[in-house]
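Chains as they are written, first to last, in the working numbering: chain A, 1 to 477; chain B, 1 to 475.
Wrong hints could be hidden among the right ones.
[Said to hold, decoys possible] Facing chain A, from chain B, some residues (calculated, C-beta under 10 Å):
#	residue
1	3
2	9
3	22
4	72
5	79
6	83
7	84
8	89
9	265
10	270
11	295
12	317
[What the hints assert, rightly or not] Quick list of in silico lysine-lysine cross-link-like pairs, BS3-like style, CA-CA up to 30 Å:
#	chain 1	residue 1	chain 2	residue 2
13	A	156	B	452
14	B	196	A	9
15	A	298	B	208
16	A	9	B	20
17	A	29	B	238
18	B	450	A	156
19	B	189	B	166
20	B	189	A	29
21	A	29	B	225
22	A	29	B	196
23	B	200	A	9
24	B	417	B	450
25	B	208	A	156
26	B	20	B	199
27	B	189	A	9
28	A	29	B	199
29	B	199	A	9
Hints in this document: simulated from the structure, not taken from any laboratory. Backbone N, C-alpha and C define an ideal beta-carbon position, used for all residues, glycine too.
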Amino acid sequence: MPQVTERPKPFLFPEFCKGCGRCISVCQKHSIHFADHINARTGVVPIEIDLDTCNACGLCMDACPEPYGLIGRPVDATDWELEDPSHLFGHRPTTAPVPVDIPDQRVALPACEPLVVKGNYAAAIGALLAGCRHFFGYPITPSTEGAELMASLMPKLQGVFLQAVSEVATVNHMYGAASAGQRSMTFTSSPGFSLMLEGISYMIGAELPGVFVNIMRGGPGLGNIAPEQTDIKLACRGLGHGNTHALVFAPSTPQEMLDMTMRAFDLSFRYRNPVVILGDGYLGQMTGRVMLPRDMVKPGIPAWAVWGDAMHRRNLTSSIMLAETDLEQHNEHLNRKYEAMKVEAMADTFVCDDAEIIVVACNTPARMAKGAVQELRHMGVKAGLFRPQTLWPFPVDAFLPLLAHARRIVMVEASPGQLEDELRLALSRADVRTYPPISSVQHFGGILPQQHEIVTRIMDLPAGSHAQAVSGSEVLA
Amino acid sequence: MSSTVFYDRFERHSHGEGLKGQSTHYCAGCGHGLAHKYLAEAIDALGIQDQTVAVSPVGCSVFLYYYFDVGNTQAAHGRAPAVAIGHKVANPESIVVSYQGDGDLASIGLAEIVATAQLGLPITVIFVNNAIYGMTGGQMAPTTLMQQKTSSSPYGRDMYMGQPMKMAELIAGLDGPVYVERVALFDAKQRNRARKAIKKGLQLQVEKRGFSFVEVLAECPTHLKMTPEQAESWVREKMLPVFPLGVKKDETRDAWYAPPTPNYEPQALLGAIGGSTEALPRYCSSYPAHIAAHDISLKLAGSGGDGAQTAAMLLARAGINEGFDATHIPSYGPESRGGTSYADIHIAAEEVLSPASPHPHVLIAFNAPSLTKFASTVREGGTILYDSSVIDAPPPMPDGVTAYGVPMTRIAADLGKPLVKNIVALGALQAATGLFPVDTFLTAIRQALKDKCAMIPLNEEAFEWGRQSIAPRTN
Ligand code: SF4
Ligand code: SF4
Ligand code: SF4
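This is chain A alone, in the form it adopts within the complex (with noise of 0.2 Å):
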């Protein structure tokens, strides 16, 4: 009588079997040998089985590496074997149901009495209030506040603050946390967004949103921990290998602290890509009197999340594009984004009408300028500063209208030229080929231009750079 099993006896496609053999050394039946033949659709010989002296032990299923590779027959099938195996193993590649955007939710704020806080704060606030409850980062000087308000607030929000073993950690935490579709963020310093870079470019290529707080200090190498803006290159050049561009935002008051990182959320998130706003050591340290917004952000969770839920079951978080073809079309997409972005350029003049010396400035050397554009327009110099709020996109659209009446560009960075570079190549690329000659004033030791400094130099510029307003007192009087 025969034996009636509920065991299934081994099955297989011969198409799927690479031939491995893996499966003949297991059967202590021997029901297993190769072939006399090469598969005409895969190239390789692969196994027969002996039915009728298989015991269905199933370890031959155990032992074959291939998902469709050896498989249980089912004991109550009849001909199946016949089917055409799309057929037999589905058409779709997924059961799982089309994701829908859970969308965010703004929440109103009463009205509140400024704050008083310092840049590094006011950064963090303006990303709690942008629904970011998921902050990973690696204390480094001067960002460090930042990320120890987050320590003692996260808490109260019941979020997530984890301090990462490295800033190379800290990026692929980000990495994770948006993937899964949330909100997160970091506070870093030049020698830290150094080692991010690397994921940064993962994240654009992967199309995942976080913002990165870059509190820029003196470098090279160790550098020193004094306020510079060497960075900008990275930001705007450098972020990571490949194709890569992330919107950059230059912030120089505490509250444009909170409003830029408020903002660079929603940026994030809608372009899906990752947002950077470069400070200086400064401005993080300075203290000042920050408004809060009207509303606050309830984050939900996109359509392409990798939630970990049925409904996102089918999403992929990937950066890989191995068809040439494939990777082209990818970063033609991104280009397109990187277009779009241009929208969100971003920039500040102050009695820019009439000026005739344009001085360029961001940060905190953009508030020196401030002042000494001011002091100069007291001794009846018309000098006008121009504040880029974005560096990448960089606000040239903004700038053009100033060269009309335009005779000299004063560059004021803590930086060798960075920021001049960005602009040179702004106009390069606006096709403006005759402008003002740029002079500059500029620090890169971890000192910022003083207002003084900035009139002085200006001061001294060649004749014909300005009219020369001798009794500038008696002009404004």
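Start from chain A and add chain B with the ligands according to the hints.
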């Protein structure tokens, strides 16, 4: 039938065309396929397909996401555990698996795996150790055996190349993990153990007990240049003596991972950041233009314990409470650790432009070096206040500057609390310059001490004594 945790068709494998729609990209006889199979079975058996997020590494298993019908994230080389943490804390209900090879985990990602294991969040790591780099073409791995020839150790691994990394033992030595086991795939018995270990690793995560790590000794027939059968024997004969199988750690730990749900209530947020809807009273009738028309700059300088920064913060706060703009910027970094502490303050009618105070209207110096350093920077018509209890021989003061010696330390000591000398200084500042009315200062002080109410009377007294040191009360 095959596990439903595998996609019905591998759409991501060359767009699912031809045989690739149902075949892996692995070489014939590769151990990865088996590890995949047992992982898929475990996900199935535990009913967690809809919760699972698999993190694909870099290496031969970079395309794990071709096959697993779960949430998928592909990570940078070695960073999968860090990415896994991001996923786990973003959604604590997700079941996160980091699947990594030996180059990824034991070489470039060593910091990430060790830190993640020690952190101990419930995450499951499947570590496939085949003693060689597969994807890049057979170079030496951190787990390559001594004398083993690879394309980057063509004469065999020797002492100059270091010895093989024993990851399971290393991870088991940490406090974070609850479960660490090394298994193999070379025969039916080992495969059965491997399948159980992978399931147990996941189970411990489902039960929120902690971090689990399963090292799988696997065959890479291609780069061992062997048949799959020979590769199985090689793992058994050569790898086992170096990488002994078995449970390396199996700790009983209660379910502990239950992080709270993030709070987005406006009131909670305002409470946390100190946002107040209550307007403070204002006492200034106008901007103190008798000191400067639009922008008053001050410098407070002393040594670390003098409280210059606190006093500066109070000044900025007072100015802002009165509806002006104000900034405070401290000296910081090694400078601030060297015992000196300077603060630049601006109070502007409209907007502070340059926040530095290279030429202040007011200098408060708490010690002699500060006074010497900054006295000459004070503007004509400006004011200097210095602590006469610690500065007996003040340097000559610049012309056109009014200087007051105030025994700040002595007054504070008389009050029984030397720390309040900065508040004494603010009182003196008020009386000497009339920067703000008395109540403006007192309001800022009370606001700063609202969580330490018991300190308020002492500080008010210190402020008053400071005032009287300049303008003694006549009544
Ligand atoms: S099920 Fe057992 S007996 Fe049958 S072919 Fe497979 S290994 Fe041999
Ligand atoms: S184990 Fe699977 S792939 Fe290998 S020979 Fe057997 S059936 Fe073919
Ligand atoms: S190279 Fe080795 S590890 Fe990679 S797929 Fe082939 S056999 Fe597997």
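Taking the hints in turn, this is what the structure says about them:
Evaluation of the residue 3 of chain B hint against chain A yields a held restraint, the C-beta minimum of about 7 Å falling below 10 Å. Because the smallest distance between the Cβ of residue 9 of chain B and any Cβ of chain A comes to about 5 Å, under 10 Å, the interface hint for this residue holds. Checking residue 22 of chain B against chain A by beta carbon gives a least distance of about 4 Å; that is within 10 Å, so the hint holds. For the restraint placing residue 72 of chain B at the interface with chain A, the shortest Cβ-Cβ distance is roughly 5 Å, inside the 10 Å limit, so the hint holds.
Among the interface hints, the one on residue 79 of chain B holds; its C-beta lies about 4 Å from the nearest C-beta in chain A, closer than the 10 Å criterion. Using the Cβ-Cβ criterion of 10 Å, the hint placing residue 83 of chain B at the interface with chain A is satisfied: the shortest such distance is roughly 4 Å. For residue 84 of chain B, the interface hint holds, since its Cβ comes within 10 Å of a Cβ in chain A; the closest pair sits about 6 Å apart. With 10 Å as the threshold, the beta carbon of residue 89 of chain B comes within range of chain A, its nearest partner Cβ sitting at about 5 Å, so the hint holds.
Given hint, residue 265 of chain B at the interface with chain A, holds; its Cβ is 8 Å from that chain's nearest Cβ, closer than 10 Å. Given the 10 Å rule on beta carbons, the hint for residue 270 of chain B holds: about 7 Å separates it from the nearest Cβ of chain A. Restraint check, residue 295 of chain B versus chain A: the minimum CB separation of about 8 Å is within 10 Å; hint holds. Here the hint on residue 317 of chain B is kept, as its CB sits about 5 Å from the closest CB of chain A, short of 10 Å.
Taking the CA atoms of residue 156 of chain A and residue 452 of chain B, the gap is near 20 Å; set against the 30 Å cutoff, the hint holds. Of the pairs offered as hints, the one joining residue 196 of chain B and residue 9 of chain A holds, with about 22 Å between alpha carbons and a cut-off of 30 Å not exceeded. At roughly 27 Å between alpha-carbon atoms, residue 298 of chain A and residue 208 of chain B fall within 30 Å of each other, so this suggested pair holds. For the proposed pair residue 9 of chain A and residue 20 of chain B, the alpha carbon gap of about 25 Å is at most 30 Å, so the pair holds.
Taking the CA atoms of residue 29 of chain A and residue 238 of chain B, the gap is near 28 Å; set against the 30 Å cutoff, the hint holds. For the proposed pair residue 450 of chain B and residue 156 of chain A, the alpha carbon gap of about 19 Å is at most 30 Å, so the pair holds. Restraint check for residue 189 of chain B and residue 166 of chain B: the C-alpha separation of about 22 Å stays at or below 30 Å, so the hint holds. Of the pairs offered as hints, the one joining residue 189 of chain B and residue 29 of chain A holds, with about 17 Å between alpha carbons and a cut-off of 30 Å not exceeded.
Note on residue 29 of chain A and residue 225 of chain B: the hinted pairing holds, with a Cα-Cα distance of about 29 Å set against a maximum of 30 Å. The straight-line distance between the Cα atoms of residue 29 of chain A and residue 196 of chain B is roughly 25 Å, inside the 30 Å bound, and the hint therefore holds. With a CA separation close to 27 Å, the supplied pair residue 200 of chain B and residue 9 of chain A stays within the 30 Å bound. Proximity of residue 417 of chain B to residue 450 of chain B is assessed by CA-CA distance (about 19 Å); at most 30 Å being required, the pair is judged to hold.
Restraint check for residue 208 of chain B and residue 156 of chain A: satisfied, since their Cα atoms lie roughly 23 Å apart, inside the 30 Å limit. A threshold of 30 Å between alpha carbons decides the hint, and for residue 20 of chain B with residue 199 of chain B the separation of about 28 Å falls inside it, so the pair holds. Taking the CA atoms of residue 189 of chain B and residue 9 of chain A, the gap is near 20 Å; set against the 30 Å cutoff, the hint holds. A distance of roughly 29 Å separates the Cα atoms of residue 29 of chain A and residue 199 of chain B; the hinted pair therefore holds under the 30 Å criterion.
Distance restraint check for residue 199 of chain B and residue 9 of chain A: the Cα-Cα separation of roughly 24 Å lies within the 30 Å cut-off, and the hinted pair is therefore satisfied.
In the structure shown, no violation is registered for any of the earlier numbered hints.
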